[in-house]
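Trainee: Residue numbers (the numbering used here), protein chains in the order written: chain A, 144 to 466; chain B, 144 to 466; chain C, 144 to 466; chain D, 144 to 466.
The reader is advised that the hints may include incorrect statements.
All copies of an identical chain are treated as equivalent in the list; a pair is satisfied when it fits inside any one copy or across any two copies.
Under the rule of at most 30 Å between Cα atoms (straight-line distance), these lysine-lysine pairs were calculated in the DSSO-like manner [stated by the list, open to error]:
# : residue 1 : residue 2
1 : Lys451    : Lys234
2 : Lys217    : Lys381
3 : Lys426    : Lys451
4 : Lys194    : Lys381
5 : Lys194    : Lys357
No lab work stands behind these hints, which were simulated from the structure alone.
Treat the numbers as computed from the prediction; the structure is a model and nothing was measured.
Number of protein chains: 4
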Amino acid sequence: MKRIAVFTSGGDSPGMNACIRAVVRTAIYHGIEVYGIRKGYNGMISGDFYKMESSSVSNTIQKGGTILKSARSKEFMTREGRERAFEQLKKYEIDGLVAIGGNGTFTGASMFSEEFGIPIVGAPGTIDNDLYGTDYTIGYDTAVNTALDAIDKIRDTADSHERVFFVEVMGRDSGYIAMPCAIGGGAEIVMIPETITSIEQVIDTLRNGWERSKTSFIIVIAEGDEEGNATQIAAQVKEALPQMDARVTILGHVQRGGAPTAADRLLASQIGIATVEGLINGKSDVMAGIVNSRLVYTPFKDTINKKKIINQRFVRMVEILSI
Amino acid sequence: MKRIAVFTSGGDSPGMNACIRAVVRTAIYHGIEVYGIRKGYNGMISGDFYKMESSSVSNTIQKGGTILKSARSKEFMTREGRERAFEQLKKYEIDGLVAIGGNGTFTGASMFSEEFGIPIVGAPGTIDNDLYGTDYTIGYDTAVNTALDAIDKIRDTADSHERVFFVEVMGRDSGYIAMPCAIGGGAEIVMIPETITSIEQVIDTLRNGWERSKTSFIIVIAEGDEEGNATQIAAQVKEALPQMDARVTILGHVQRGGAPTAADRLLASQIGIATVEGLINGKSDVMAGIVNSRLVYTPFKDTINKKKIINQRFVRMVEILSI
Amino acid sequence: MKRIAVFTSGGDSPGMNACIRAVVRTAIYHGIEVYGIRKGYNGMISGDFYKMESSSVSNTIQKGGTILKSARSKEFMTREGRERAFEQLKKYEIDGLVAIGGNGTFTGASMFSEEFGIPIVGAPGTIDNDLYGTDYTIGYDTAVNTALDAIDKIRDTADSHERVFFVEVMGRDSGYIAMPCAIGGGAEIVMIPETITSIEQVIDTLRNGWERSKTSFIIVIAEGDEEGNATQIAAQVKEALPQMDARVTILGHVQRGGAPTAADRLLASQIGIATVEGLINGKSDVMAGIVNSRLVYTPFKDTINKKKIINQRFVRMVEILSI
Amino acid sequence: MKRIAVFTSGGDSPGMNACIRAVVRTAIYHGIEVYGIRKGYNGMISGDFYKMESSSVSNTIQKGGTILKSARSKEFMTREGRERAFEQLKKYEIDGLVAIGGNGTFTGASMFSEEFGIPIVGAPGTIDNDLYGTDYTIGYDTAVNTALDAIDKIRDTADSHERVFFVEVMGRDSGYIAMPCAIGGGAEIVMIPETITSIEQVIDTLRNGWERSKTSFIIVIAEGDEEGNATQIAAQVKEALPQMDARVTILGHVQRGGAPTAADRLLASQIGIATVEGLINGKSDVMAGIVNSRLVYTPFKDTINKKKIINQRFVRMVEILSI
């Protein structure tokens, strides 16, 4: 392994820069040259490469976003696109790739590696924490803390007024972000895709609370909940309980930004080192992750197909703590 | 003046507790007893009073919300309601009132003071900064910083993707919150009630940017904008420019919470002192404010009827700085 | 088990309130009465007990410090003190205790439990993360993030000036706080009690950097480092390298405060539940902790005597990442 | 005016980048070319110039530090140094300068402008707020909020323990930072250079508090206080009151960093515009500032020689609010 390249793909997440930094410095530490590819697979196809030095990643560990930019690429989904990408890698004499992203990124990487024999090791960069093969994904801890900080602020004002607050958080098809936000934010109700909470149940809980003169509620809703988004759910609740003043907060992309937390910087740094040392040791078609504090390499096909299940302990916790 | 009472009314704002604290300690400093009234005019009517000591406000200066709770009162809008409130004040031998709130609060206070001759001095507690008679209202600086922090996080991710972000901020019928958020957040477009920005103008700006390959935009929208809310505006833009990926953030009540900034604590403390010393000096039917670093008392009728106009310098600044 | 009591002891840490809240609500959930004891063992001796309800812990999960106050008790170190404490427990008919604190707290608890047969389960509440039997202690994640935030701010200014910054962080006799701060803060040097870094090595590194015209450095020092505190180390460096402008930051108790992070709230909530359910299931003389995402009860004598060793992976990471 | 240059000098402050951004974009808006000079007067002497475009300042408004770097220059204090600097300006055909910094910066600028006839307009960039001619300096509001956030965290823990906390904040020879920190942080004592507070007074206050069983105190000390620094004062207090547990926090350069607050971004943007438009309108040897919400140009000799006096209202406020 003489020269590797690194890129970020899909939705960005806080800590991606800390991961890129670790990749670059670990490569240099081991005497390997390293290139950055801008804008994910699109930049790989168009040849948007540049040589990175240790100083290229100075003062980036604390920055949100990704200095390599990111994108979703339709062209890479075609055989022609991947051929063009491989031509670029040959031109730049790249022996191995580090792919930082989520499931979509690894699906592309897996095909690419199989078709063209280029070694690829992945790093789990997504706020959604929905990847099998790692306890936490890079950016997840930051996103949860950002959402929780917003809920804390809402709670300040909730106490003064008789209101129901609906807070929609991210997480694609999972409640990984919603669950700790609900527990840590002291929410009364959490609605996540993994469990069924009907609008009727929500209305019942609110009505019962109202009758016991509890008049302020926080409801955390995962964006992928089966009952719809926060605006839709709030509208149905307002119709059933017109006496309650319902307000909606949609945090949106606020959750993707911000300086990464300490945990995300450490995780990103460890995984960044592991991707490069994995490539050196002949690994490919795998994602580096941390499971039970240990470094683990999981085949892409498992990270893509196996489902990580939210700890049932958390579901029970909401029941106990909202007493 | 032997005994006064203090209450908060209307929407809460960060710094209300710092103001209550200053009222309580200034009263005690001058040998005056002080009562807290819970839940605004509702509590005044129902007699929800309690004696406050210096220690009642210990460790509250940094807290969001209001320890006295707040509410909007329909009953106080009636002559009967106000009579019942006055009965309570007589019962507790209250000689003067400090009312912390916004325009609605002062409208009620003005009527009440006129009808029953009870001296009332107001403190401008609202995040909206829409009160004539003070350069800044208590909570405004905090709300702006909270919204700006959210926009900073969006900007982190905006740089990596080709996207249009619509961020809806509070401010009722004014652009006071939206304007500094747009300038401080480096937004490309700001939509406020005070100026007309049509959907067509927005679409033109985005299309022109897109054609110059500028593909990431932040648009700050004041909740009271004449073109509708962020969700509605985003929908129209998506229809006209389907190639652009538009995302919506609605901060909502997040902006009302959080620890008050240094500026809000100082302002709240100064104004809290001024309300009590105003009562001592025979003032009534006025709001205490700070204009050009000087303490000013403005008649309630002026704070209610006169309009504070957003500095035109700021409108020009957006034009220059978004070059 | 009909009635338990909970107290905090030793240095406070962010998340203690979240743990108290979980203890209170879990007890009530299981039909057990719960008392709070104020000021640790001192309050146990003096009988500073009060009955807690679900509402006693409303709106506390996000608060730093401890609503039960904390203290170090000399009297409890004596047999007489402990006898008086036990009398109080008998008087209040307490069947079991939850002790939230660190090593000193558990040493007292272990003696007390042995002597008087009262069941006690501990919760690891300390920012130092130096307790065997749990991967993380309650408050550790918050303290690290607070220190890291300070280092980020120093880095902003470090880049503009030719300066050496010495930042002293907490951690008693361990480098658990210093290490992630150094890695996450991109520090050039870390000085922790577990490894020997001589002043000469520091001076050499700085001199070599200076000669390669690297002129800005951040050095993170654990308060318990064998070479002295930050002020002492900085003085020695200044003497050897008078051309360098050295500045000292001592964060001190800033690291103990602040709203707990999401991770600390979750950890504290899980452990709080586990302490009560441990008591119910007949456990005593043990601390509840989370190891590899699983709940573990460790005998007090092990948490006190066994040493948790900092992951050697981290020491190597500093070497690679500071390239 | 065809081409101007901008530089930052002296200690950096949050908001300097927002000011540079406004200078660059205002110049371009008016059809003027703009150069950046790196490392203050040192870079002016050595010719470290580069042409800036609108995109040079993209995504910088929220960043702490200064993208132009800063330095203190001994060489510029000599006639020879200034001659060399002027040669560079001639070479680059610079018609006017914007100097962002404090008193030292303006002293140099004033000499330079007089000797060589080059128009210079200054912007007040310092966290110390000690410049005559502006209500607030760029960076002051951010520094105060940073220090206050630290004091809030200390207060969380102060409530649980019997302790005296000494917190040293910046501010050179003035109490501008210490005063709002003390008021906003609810400190019991503030020690600033402008007023005499002897160690004996501090000890008396603590002893009296102790005797009334008030056992937790926060003392804010300005770094330039006549009684010494926090470590020295704490040592004297410990000697006199050995029963009290005294802890020291020295925030140091933490106060110089961080994302600027909304107020600092607005101030920096307004002043940045004003410096360029001042140069266009023939101003020189003046600093742009905001006094009572209005733009004011003050001769350098006044900003250097006249003293801005801390509002006496604040001194009285501490007395009232610490009751």
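Trainee: Let me make sure I understand: some of the numbered hints might not hold for this structure. Which ones are they, in numerical order?
Mentor: 1 and 4
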